[in-house]
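**Q** Sequence:
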Amino acid sequence: MGGDDGRTPEVTAAGVRPGPRQAWAALPWLVRTAVAWSACLIVVIIGLYLVGKVAVLLAPLAIALAVTLFLAALLDPVLLLLRRLRVPGAPAALLTILLLLGILVGVGVLVWRLTAAQFGELSDQLGAGLQRSRDFVTSTLPVSDAQLDKLIDQVRSGFGGGFDPVGGARTAAEVAGSTLLALVLLFFLLKDGRSMWRWVLRRLTGPNRDVTAEAGRAGWRTLGAYSRGTMIIAAIDAIGIGLALVLLGVPLALPLALITFLGGFIPIIGATVAGAVAVLVALAAKGPTTALLVLAAVIAVQQIEGNLLEPLIMKRQVQLHPAVILVVVTAGTLIAGIAGAFVSVPIAAVAYRVVDTVQRHRERVAAATPRSAG
Numbered sequence: 000m001g002g003d004d005g006r007t008p009e010v011t012a013a014g015v016r017p018g019p020r021q022a023w024a025a026l027p028w029l030v031r032t033a034v035a036w037s038a039c040l041i042v043v044i045i046g047l048y049l050v051g052k053v054a055v056l057l058a059p060l061a062i063a064l065a066v067t068l069f070l071a072a073l074l075d076p077v078l079l080l081l082r083r084l085r086v087p088g089a090p091a092a093l094l095t096i097l098l099l100l101g102i103l104v105g106v107g108v109l110v111w112r113l114t115a116a117q118f119g120e121l122s123d124q125l126g127a128g129l130q131r132s133r134d135f136v137t138s139t140l141p142v143s144d145a146q147l148d149k150l151i152d153q154v155r156s157g158f159g160g161g162f163d164p165v166g167g168a169r170t171a172a173e174v175a176g177s178t179l180l181a182l183v184l185l186f187f188l189l190k191d192g193r194s195m196w197r198w199v200l201r202r203l204t205g206p207n208r209d210v211t212a213e214a215g216r217a218g219w220r221t222l223g224a225y226s227r228g229t230m231i232i233a234a235i236d237a238i239g240i241g242l243a244l245v246l247l248g249v250p251l252a253l254p255l256a257l258i259t260f261l262g263g264f265i266p267i268i269g270a271t272v273a274g275a276v277a278v279l280v281a282l283a284a285k286g287p288t289t290a291l292l293v294l295a296a297v298i299a300v301q302q303i304e305g306n307l308l309e310p311l312i313m314k315r316q317v318q319l320h321p322a323v324i325l326v327v328v329t330a331g332t333l334i335a336g337i338a339g340a341f342v343s344v345p346i347a348a349v350a351y352r353v354v355d356t357v358q359r360h361r362e363r364v365a366a367a368t369p370r371s372a373g
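For the sequence shown, numbering that gives the first Met the number 0 begins at 0 and goes up steadily by one.
Hints were generated in silico from the structure; no laboratory data involved. These numbers come from a predicted model, not from an experiment. Hints may be right or wrong, so weigh each one.
With beta-carbon atoms standing in for the labels, derived distance ranges [unchecked claim]:
1. Thr32 <-> Leu246: 52 to 60 Å
2. Leu103 <-> Val245: 18 to 26 Å
3. Leu279 <-> Gly88: 42 to 50 Å
Virtual Cβ for every residue (Gly too), placed ideally from N, Cα, C.
Go ahead and model the full structure; you've got the sequences and the hints to work with.
**A** The following block contains the structure:
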């Protein structure tokens, strides 16, 4: 009675065959919610993956842009101070960049002058320390010298083997080009950044302009707070660990403090790696007792930083849970190496602040609409 194949189509109570909308509405709300959130999550992951792939393909440009934004947010208070002193835009931007270069070059020359003579001594101490460590491993663990040599060779091959002159030259050229590009972009961003942002806002109309302006200000404040707070915390870590190394008589204390300072810009992972380097140098130069004391000093400084300094300095500008920071840093490292680890946390913090600001703006508009309509 239904059709040529002898089957009767299903119909609803109103006599209409159900369509996709009716089938979707018939699903339990939990299933519909799970499907919707899964689809959104897949779209977000695909978008982030594509952005990451493009950033990797354009690595020198992406790194230059990230460094430019980070330094611009860091140096913005200096630029504003110069502008308050009636210095014009271009000279103020140039003076700010020259101040940055002067600090970097001065620190580099100081570190080299104070520690250049210690590298030869440290090489011998590292050799003796590594031999003591090797003897300790083979005498304590069920590992022979041949097995240890094989393991070391496997680790070396896993890190890429020998040195490639062509690859090294290409990397050096990319670093030099990215540095020059970042300095040029930094000059123009310091000089014309605010006028560029006002130009963007003038192209928007209606409520989009207000929410974009508010989100942009929130994101820029977050990036500035993160960059300046991270620099202060990294400096305090470097001073604390450097003083401990000096008091314990560990050689190359100043370069190790500089490594600690640079590692502070990569949350969690950077501090851990820098502390491990300091402990290994202390072990090679002074033995296990001094190494344990250095380890205790590193742990104490990091605990003071994580539990006291970071909440006090960062306050509520960067509201990211440590677990989120660890996941973000790991993802950034897997995508783009050290550069990805460096930029991953500020990107996540700014994105969170922008999304939170937009959401709060929408909630305020939704709360005010019934009152204005009434």
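**Q** Next, verify each hint and record whether it holds.
**A** Hints, one by one, checked against the model:
1. Checked against the given bound of 52 to 60 Å, the beta carbons of threonine 32 and leucine 246, roughly 59 Å apart, stay inside it.
2. Between leucine 103 and valine 245 the C-beta distance comes to about 23 Å, which sits within the given range of 18 to 26 Å.
3. Hint check: leucine 279 to glycine 88, Cβ distance near 48 Å, so the stated range 42 to 50 Å holds.
Hint compliance for this structure: no hint is broken.
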